[in-house]
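Protein chains: 2
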Amino acid sequence: MSDSNRWIDESYQGVVRTGFRLKRRLFKAKSAFQTIEIVETSGHGKLLLIDGMTMVSERDEFVYHEMMAHVPLFLHPRPRRVLVIGGGDGGAVREVLRHKTVELCVLVEIDGQVVSASKKYIPQTAAALSSRRARVIIEDGVKFVRETSERFDVILVDSTEPFGPAKELFGASFYKDVRRILTEHGIVVSQAGSPFYELGTIKNLAKILKAVFPVSDAYLFTNLTYPGGLWAFAYASKGVHPVRHFNSGRVKSARLPLRWYNAEVHAGAFALPEFLRKAVGR
Amino acid sequence: MSDSNRWIDESYQGVVRTGFRLKRRLFKAKSAFQTIEIVETSGHGKLLLIDGMTMVSERDEFVYHEMMAHVPLFLHPRPRRVLVIGGGDGGAVREVLRHKTVELCVLVEIDGQVVSASKKYIPQTAAALSSRRARVIIEDGVKFVRETSERFDVILVDSTEPFGPAKELFGASFYKDVRRILTEHGIVVSQAGSPFYELGTIKNLAKILKAVFPVSDAYLFTNLTYPGGLWAFAYASKGVHPVRHFNSGRVKSARLPLRWYNAEVHAGAFALPEFLRKAVGR
Numbered sequence: 550m551s552d553s554n555r556w557i558d559e560s561y562q563g564v565v566r567t568g569f570r571l572k573r574r575l576f577k578a579k580s581a582f583q584t585i586e587i588v589e590t591s592g593h594g595k596l597l598l599i600d601g602m603t604m605v606s607e608r609d610e611f612v613y614h615e616m617m618a619h620v621p622l623f624l625h626p627r628p629r630r631v632l633v634i635g636g637g638d639g640g641a642v643r644e645v646l647r648h649k650t651v652e653l654c655v656l657v658e659i660d661g662q663v664v665s666a667s668k669k670y671i672p673q674t675a676a677a678l679s680s681r682r683a684r685v686i687i688e689d690g691v692k693f694v695r696e697t698s699e700r701f702d703v704i705l706v707d708s709t710e711p712f713g714p715a716k717e718l719f720g721a722s723f724y725k726d727v728r729r730i731l732t733e734h735g736i737v738v739s740q741a742g743s744p745f746y747e748l749g750t751i752k753n754l755a756k757i758l759k760a761v762f763p764v765s766d767a768y769l770f771t772n773l774t775y776p777g778g779l780w781a782f783a784y785a786s787k788g789v790h791p792v793r794h795f796n797s798g799r800v801k802s803a804r805l806p807l808r809w810y811n812a813e814v815h816a817g818a819f820a821l822p823e824f825l826r827k828a829v830g831r
Numbered sequence: 550m551s552d553s554n555r556w557i558d559e560s561y562q563g564v565v566r567t568g569f570r571l572k573r574r575l576f577k578a579k580s581a582f583q584t585i586e587i588v589e590t591s592g593h594g595k596l597l598l599i600d601g602m603t604m605v606s607e608r609d610e611f612v613y614h615e616m617m618a619h620v621p622l623f624l625h626p627r628p629r630r631v632l633v634i635g636g637g638d639g640g641a642v643r644e645v646l647r648h649k650t651v652e653l654c655v656l657v658e659i660d661g662q663v664v665s666a667s668k669k670y671i672p673q674t675a676a677a678l679s680s681r682r683a684r685v686i687i688e689d690g691v692k693f694v695r696e697t698s699e700r701f702d703v704i705l706v707d708s709t710e711p712f713g714p715a716k717e718l719f720g721a722s723f724y725k726d727v728r729r730i731l732t733e734h735g736i737v738v739s740q741a742g743s744p745f746y747e748l749g750t751i752k753n754l755a756k757i758l759k760a761v762f763p764v765s766d767a768y769l770f771t772n773l774t775y776p777g778g779l780w781a782f783a784y785a786s787k788g789v790h791p792v793r794h795f796n797s798g799r800v801k802s803a804r805l806p807l808r809w810y811n812a813e814v815h816a817g818a819f820a821l822p823e824f825l826r827k828a829v830g831r
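Protein sequences, first through last, are from chains A and B.
With positions in the first sequence counted from 1, the corresponding number in our numbering is that position plus 549.
With positions in the second sequence counted from 1, the corresponding number in our numbering is that position plus 549.
If we strip away everything but chain A, and leave its shape as in the complex, we get:
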């Protein structure tokens, strides 16, 4: 058996690669936007890959999705309407819908094939997309935020990398539209890349958010499948400070069945390593 049959490797910037022991390949399709793959591994459950980059591993996707959703949802005074841009795997929607105040979670995913493959092969992650409180729209997220007349309390930008179809999701005009469709205490959280390998991306995003929003910051999480382990979210809000306005009692009394996020982790995630603190100008 050749090496590529035993490992599924993601090479990153040509200098590092992460490989997962392969059991079998389940699905591969080339959509209008990208290549979508689902594989089964020996130690990490099923993986969803887009253009060869791991987006979801069943073993640890809870970290990314919990940290993306619960930080803003426990900060917003009463989140009722949530928008997820990208995230066709459904993991972010699953975490959003754990909050009882949420009446509607709209997912706008550019690629319908990501949604259908996720529903079929990784239901642990995607099942929430079939909830009565979820609405799935197959459309370009940039176009959606530019044109919609709807308003949202929390927006999650669950994108792929800052190139290819997701490129505009890292730009200033997109974030001006995001601000327009956020309600009074609105919060936006965006996947922002690796502090070690993509410091430039984080710096650019930090600069844009600082210019567009009165409150902006960054926070960190670690998972098994993204290169380097450590990864960042960008945070911005019309007025909610992510640490000073955080009420840890709310997390405790909600008693959600979470495996990563808790009140201490919330505060700790905003502690930025010295080189990153300098880079984002905090």
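Read the hints as simulated data drawn from the structure, not as lab findings.
Keep in mind that the hints are not guaranteed to be accurate.
Not close to chain B: a few residues of chain A, all C-beta gaps over 10 Å, as computed [claimed, not checked]:
id, residue
1, Gln583
2, Pro626
3, Leu646
4, Arg826
Facing chain B, according to a computed beta carbon distance under 10 Å, are these residues of chain A, among others [as the list claims (entries may be wrong)]:
id, residue
5, Trp556
6, Gly777
7, Leu779
8, Glu823
Beta carbons are placed, not taken as given, at the ideal position from N, Cα and C, and that holds for glycine.
Use these hints to put chain B onto chain A, whose structure you have.
Here is chain B on its own, set in the frame of chain A:
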């Protein structure tokens, strides 16, 4: 060129591997204890590997060494004498010696060839071993703590994995000896493995430290070269609580030239993800 000539891969538990783009192999020796290798990579500087596992990468070793040394050294009221067990690469000693109160840092490394290879090939990490305030002893660390009549304010257990030569460094009798040779406000910090992949190791170590010391805890850091990125240190002390007794002003006024550790990171590192908090019984 075959694949193994282009990447240096570390396979872990048979289910995951991390590979670094290889430039050239610089050194390989089989000592009485283990296989030692130094290679040069395209994106991560030089790596030190022991038995095929990456111990140090020049690009990011500062994270591990800063987090291991500065957490206890900024907590101890006045650290003068520090002991490092293992850590023959010298990175922990380098960080310890940044503290002006430290008069002597003793390094006890079982394998003299780790020290000599590190001094020759990775001086950025190892140069501090030649300091007048450092004393290098080539001896089994377990034997040293059992027999020494010296006393230390801070002890760092900078070990390899909990099998092979370092096995006893994860046992109860070792920690009883550590307690004996610690001074009144003494603190010990130990490399404790991956929360994702080695939860059992962390749980065992937490149980031992809880039985031997009045104060025990765990804290986290993330680097590029250890599988999964996220890694843990075990913390124990004769009386210094790692968060309640922490004085952030001391960090600010010390003005050390650090790239990772700062006062916020200190506190944030003790925020344990929910599954880990439960596992260590905090």
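Status of each hint after checking the structure:
1. Gln583: Given that every Cβ of chain B is farther than 10 Å from that of Gln583 of chain A, nearest at about 24 Å, it holds.
2. Pro626: holds, 24 Å
3. Leu646: holds, 19 Å
4. Arg826: violated, 7 Å
5. Trp556: Status holds, d = 7 Å.
6. Gly777: Check passed: Cβ of Gly777 of chain A comes within 5 Å of chain B, closer than 10 Å.
7. Leu779: holds, 4 Å
8. Glu823: OK, holds: Glu823 of chain A within 10 Å of chain B, min 5 Å.
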